[in-house]
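Trainee: Residues are numbered in my numbering as their position in the sequence shown, beginning at 1, plus a constant of 6.
Careful: at least some of the hints might be erroneous.
[Claimed, not checked] Below, simulated SDA-like cross-link-like pairs (lysine to any residue); rule was C-alpha separation at most 25 Å, straight line: (1) Lys242 <-> Ala311; (2) Lys180 <-> Leu213; (3) Lys270 <-> Pro160; (4) Lys286 <-> Arg62; (5) Lys269 <-> Lys286.
[Claimed, not checked] Simulated DEER-style distance windows between Cβ atoms: (6) Leu174 <-> Glu64: 55 to 65 Å; (7) Glu64 <-> Pro8: 39 to 49 Å; (8) Asp145 <-> Glu175: 17 to 27 Å; (9) Thr236 <-> Glu64: 22 to 32 Å; (10) Lys66 <-> Asn307: 22 to 32 Å; (11) Pro287 <-> Asn118: 16 to 26 Å; (12) Thr63 <-> Leu302: 18 to 28 Å; (13) Leu174 <-> Ser214: 14 to 24 Å; (14) Arg188 <-> Thr63: 29 to 39 Å; (15) Ala258 <-> Ser60: 35 to 45 Å; (16) Glu64 <-> Arg262: 19 to 29 Å.
Hints in this document: simulated from the structure, not taken from any laboratory.
Ideal Cβ positions, reconstructed from N, Cα and C, are used throughout, including at glycine.
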Amino acid sequence: MPAVDLHVHSNRSDGSFTPRQLVDYAMEKGLAAFALTDHDTIDGLEEAIQYAESLRTERKDNSGTSRADAAPAAEDAKRRGPVPEVIPGIEFSTEYQGNDVHILGLYINYHNHVFIRRLRDFVDSRTTRNQKMCRLLQDAGIDLTYEALLSRFPDAVITRAHYAKYMLEQGYVKSMSEAFDRYIGDDGPCFIPREKVTPADAVELVLSAGGIPILAHPVLYHMGDQELDTLTSQLKQAGLIGLEAVYSTYTAADERRMRGLAKKYGLLVSGGSDFHGANKPGLDLGTGYGSLFIPLSLLENLKKALKV
């Protein structure tokens with residue numbers, strides 16, 4: 007059965023691949039579909055979706071050419087694989103009892119005006135926080151402005167990973183981990199927490215855009231069984247539809263546990279690599295660290311949950 011990947015990032019947030027490059031790479035990997043789920047932004051969706059559609063049109067047009075002319079196109083199609091479905095998505099960063107909890111939205115209507123307005127408000131709060139963090143870093147002797155970050159990463163939603171990369175490039179630290187340890191980690195002197203929506207807020211926002219809300223990588227929150235159970239129950243009541251039970255870093259026991267939790271609350275199972283390109287070395291699209299496989303059947307089940 008063909009594979010899919012329902013959790014992927016581009017350089018519009020903190021990945022290293024452009025949206026077009028992700029489409030090309032998904033073709034090389036033979037994926038039937040992938041979801042572009044950048045952090046708190048939809049900026050890369052139109053580019054990826056339109057590019058994939060242009061490739062389908064190109065192949066359709068080539069199918070009517072002569073046998074000799076079609077040979078190179080056929081060979082290219084064989085080499086690159088099928089054109090994948092690009093699922094419009096997003097990943098919201100939310101806060102729950104001091105924990106960072108992420109909610110994925112799949113098949114969102116990213117042209118919905120209400121959704122766009124609320125997302126803009128959400129991003130504005132991130133901008134304010136980034137400006138304050140830059141001022142703290144300047145006070146600590148690091149010549150870094152928010153404008154410099156935007157210039158260095160012009161198409162990205164700025165995250166702490168971008169701060170760390172900038173400081174590494176400018177020689178202020180010897181590694182990205184040092185930047186977090188000394189300056190911008192959760193307990194660092196230059197860290198300012200951003201006002202966040204709750205997981206339930208994010209679920210409601212995804213639903214307002216006609217999408218499928220999914221609790222992303224629950225194992226990574228290191229909650230106790232009862233705490234995670236309570237969170238899942240609350241989100242189910244808020245309208246949660248799926249849970250990411252298949253994920254790059256899960257052990258077999260982790261996956262069984264998450265599938266069990268999904269079954270308990272009548273949630274659909276989702277899965278993703280959380281691919282970031284070069285920003286997560288060794289973690290590949292579709293296959294994670296080598297053994298990940300997300301069957302197309304998971305996506306087909308999720309599609310049934312879409313409101314027609």
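Trainee: Each hint needs a verdict: does it hold in this structure or not?
Mentor: Comparing the hints with the structure gives:
For the given pair, Lys242 sits about 14 Å from Ala311 by alpha-carbon distance, which is consistent with the 25 Å threshold. Proposed proximity of Lys180 and Leu213 is contradicted: the alpha carbons are some 43 Å apart, above 25 Å. With a CA separation close to 44 Å, the supplied pair Lys270 and Pro160 exceeds the 25 Å bound. Between Lys286 and Arg62 the alpha-carbon distance is near 30 Å, which puts this suggested pair outside the 25 Å criterion.
For the proposed pair Lys269 and Lys286, the alpha carbon gap of about 31 Å is over 25 Å, so the pair is violated. Taking the beta carbon of each, Leu174 and Glu64 are about 40 Å apart, not inside 55 to 65 Å as hinted. Our hint of 39 to 49 Å for Glu64 and Pro8 is violated, since their Cβ atoms are close to 21 Å apart. Separation of Asp145 from Glu175 is about 21 Å and conforms to the stated range, judged on CB atoms against 17 to 27 Å.
For Thr236 paired with Glu64, a C-beta distance near 50 Å fails the hint of 22 to 32 Å. Look at Lys66 against Asn307: about 29 Å separates their beta carbons, and that is inside 22 to 32 Å. Checked against the hint of 16 to 26 Å, the C-beta distance between Pro287 and Asn118 comes to roughly 36 Å, which is inconsistent with it. For the pair Thr63 and Leu302, the beta carbons lie near 23 Å from each other, so the given range of 18 to 28 Å is met.
Judged by the Cβ atoms, the range 14 to 24 Å given for Leu174 and Ser214 is violated: they are separated by roughly 39 Å. Distance hint check: the CB atoms of Arg188 and Thr63 are about 51 Å apart, inconsistent with the given range 29 to 39 Å. In this structure, Ala258 and Ser60 meet the distance hint of 35 to 45 Å, their C-beta atoms being roughly 40 Å apart. Glu64 and Arg262 have their C-beta atoms about 43 Å apart, which leaves the hinted 19 to 29 Å range violated.
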